[in-house]
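In order, the protein sequences belong to chains B and S. Letter by letter, the first sequence follows residues 0 to 373 in numbering that gives the first Met the number 0. Letter by letter, the second sequence follows residues 0 to 614 in numbering that gives the first Met the number 0.
FRET-style restraints, in silico, Cβ to Cβ:
| id | chain 1 | residue 1 | chain 2 | residue 2 | range |
| --- | --- | --- | --- | --- | --- |
| 1 | S | A28 | B | V98 | 40 to 48 Å |
| 2 | B | Q47 | S | E297 | 46 to 54 Å |
| 3 | S | S125 | B | E259 | 18 to 26 Å |
| 4 | S | L161 | B | E259 | 27 to 35 Å |
| 5 | B | G347 | S | L11 | 37 to 45 Å |
| 6 | B | A94 | S | S125 | 53 to 61 Å |
Everything labelled a hint here was simulated from the structure, so no lab data went into it. Computed from a prediction, not measured in an experiment: that's the story for all the values here. All C-beta atoms, glycine included, are put in the ideal place defined by N, C-alpha and C.
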Amino acid sequence: MSRLIDKRREDASQRGWQQLLHLDGTLLFGLILVSAFGLAVLYSASGQSSEALLRQGIRLGLAFGAMVALAQIPPAWLYRWAPWLYGAGILLLVAVLLVGDVGKGAQRWLDLGFIRFQPSEMMKLALPLMVAWYLSETRLPPSASRLLVSAVLIILPVVLIARQPDLGTSLLIGSAGFFVLFLAGLQWRLLALLGGLVAAGLPVLWHFMRDYQRQRVITFLNPEQDPLGAGYHIIQSKIAIGSGGLFGKGWLNGTQAHLEFLPERSTDFIFAVLGEEFGLIGILVLLLLYAFIIVRGIYIATQAQDTFTRLLAGSLSLTFVVYIIVNTGMVTGLLPVVGLPLPLVSYGGTSMVTLMIGFGMLMSIHTHRKLLAN
Amino acid sequence: MARFSTLKDHFLESRLFMGRALVMLAFCALLVGVLVIRLVYLQVIAHEHFTTLADGNRVRILPEPPNRGLIYDRSGVLLAENLPSYRLEITPEQVKDMEASLEALGELIQLREVDLERFARLRKSSPVFRAIPLRFRLSEEEVARFAVNRHRFPGIDIEAGLTRHYPLGPLAVHALGYVGRIDERDLQTISESEYSGTSHIGKTGLERTYEEQLHGSVGHRQVETNAQGRVLRVLERSAPVPGSNLYLTLDAQLQAAIERIFDGRTGAAVAIDPDSGDVLALASMPVFDPNPFVNGIEVADYRALQEDPARPLFNRALRGQYPPGSTIKPFVGLGGLEQGITTSHASTYCPGFYKLPGRERHYRDWKRSGHGTTDLHEAIVQSCDVYFYDLALTMGIDRLHEALAHFGLGRTTGIDLIGELGGLLPSREWKRAARNEGWFPGETLITGIGQGFMLATPLQLANATAILANGGRKLQPRLVRTIQASGAQEPEAVPVLELDHVPRVNSRHWQDVINAMIDTIHGPRGTARSIANAPYRIAGKTGTAQVFGLKEEEEYDAESLEYYLRDHALFIAFAPADKPRIALAVIVEHGGSGGGVAAPVARRILDAYLLDEPT
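Construct the entire structure; sequences and hints are all you get.
Have a look at this one:
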């Protein structure tokens, strides 16, 4: 293992500017490539709207800015802040449920007077921070009691967010917490037990679901049942992707997208536009770019020098995978419709900033290492 | 920061993490693998299927209806044309709240009860994505008002189109007919694809008879539409073939003259060119304006037409079956001569009545005092009933039937106009079949003077007269002379169709009968001598038909009852007698005597044709 680390160790002189700016060039390269590809797809999906392109460009700028800013913060500070961030997040989530603004039938926003704020976004980062902080206090693998407390730490925000209701984010945060547990060495026996519990819990979950959520599940299971109503999204996106074929219809030539058959084409369903215009090849290119980012993230995690940063980096990287799997699974009809954007490609700002802050943390972790090996 | 126990711990944890991370990566790779398999299925295996679906999404086939052919009279006077018009169409699938939309629309545009009813009816039988017309012939103001408010009405549009118009209004309406909205009954008989996009169809008359030629063939546009169904571009187009133009045999001038000459009287007149079978005029009086029928006549207006005691909607020329009365006497006489049953010189004594041998019943002549000794010539000139009672009895019903059948009585003429009735020429077989009774000699007598069971339409009488005038050529009467197909250089002539030829035993017999018909007008004792002062010679025969109580009209009060009990006045004629150019049958319902009423009408009609015509 040490030989492996030695072999992959980078030359300090080459990493000069990266070290100086606390940026990881490799990760940055992957992120920029995906963003650029995303902008191209978005330009087509938005009906060649340069305004949409500009807005998305500004958002990307802000998000990259936030990433750079976060990269300057040493992981030790994050370690110190973790419980406070988590506590504040929980309080804000409770506040949202009590006094939050209603948008699109769900209470997600908190109006702080000067800014409208989505506490669930903050929790996407605060939860893995918190669980990683808690588990890194003792040796790994964690004891049963630690696991139990961790479970409570995870379930609390998950339930609060699910109550808003925001199933997508709730799922994302739950996975982020789970990844920390898993990477920390959650016993296989317990994992199996957890799986069993989740399976048993599904009918209970159904009981607590709202009508529109149940409808989504029904639609997922049988989209042709209501082709012009609930099943329309899925049917049209399958047609878009399928008709794209191996090489696609060409950039700006997707009929499904440009003739407005495909709903939500620049936001949640932008993957279908990609599939229609760039074909299977285009999708594979995007997936490879994503894989590049993820592998780099995991690599950073393995290079981390302490438990906290290692768990945090691992969780952040794997959560990125969840985004991709859930979104593409939904658009291709493999998963029920859950409103999650395709990271760095879908039009929209809030979650992108959160995501990039996460990558900022990864970069911080990687560039604040004490170079022990040298 | 975290408390690190030992370096070994650190190493172990690192290794644990490494293992876990690899497991997770493997799991992610598995999920991505599933995704890729799914994509391969969608984009490679089922690619064709989804391509078809995508094309089906965007490509629609829109029909392009052909322009309906125009109708002209024989000299090129336009009788039926297409005028630009705006109609309001609704595509149901694009309208969220139909009730509310219709209500809001009603504030901008006048929507009548008929419009809404028709729309509701058509909506039931049409697919939701097809545009259904709601209102026709919007005024300029309505078009402008809607255009300003268009954004409020998704799925509702104004379509510019053509609408049928009859510029001369009621002229020759019973020949032309009219078009109307395609209704459910029409849908059962027409090819739906041929008529996709067409809203109107011929309902009666020539418009219906020549529907196939007038309609043309539908064209198509393959268009790309967006999700809202709006047409973005045309991918492929096959142009429609406009309907053919019809040039009729009708003479609009003569037709107009006839309608003027009738001057409020009810009846019918049919004029035929004996040399070609061309129907020069086909009038059924009174007439009505077909234009309101095109886009749905108001219920009240329609009821008024239906309940009008003069029955304007009834096509008397084609479907009015009248006892022909004395007008058949020349045909009976000719039959008697040709069959060798009588001669031109044989006489019968007319005491004013006739008795069957061995019977007491008197069959009266119209002249109580009798005509005295009468030969065939005088019998026709003075319309002696007794002579024809005797002749008919001698001929017997079978030969009488044969003689009259030669002239097309008792059978439809085959005119190119839908709905013709064939009248009734009685025979033994007919009576056996219809009444299950044997034939009685008394019935032969009254058949000989065109009464009893016998019925004929004005068209049949005109046709029989034409056959007599042209020397026995039985030509199929025709209303359409040439058909000008779209794009064709020369109009295609409809051939003159000679159905049959009346066997001519002796031309003298024909001339004798025609001479008698000439003397009917120009002789001193002729029943129509009042019209003799014409600059041309007329051969004709008067007729007065007893009315057999028209049942549906019996409920009228005494005064009008008297009118409806009055005899029908008939007159048949051809002129000029030596070189006939027109054969004519006139019926004035309840006009009284043929000589007194129908003959003067006929004279004015002949004048209009023979004198006013520029030669």
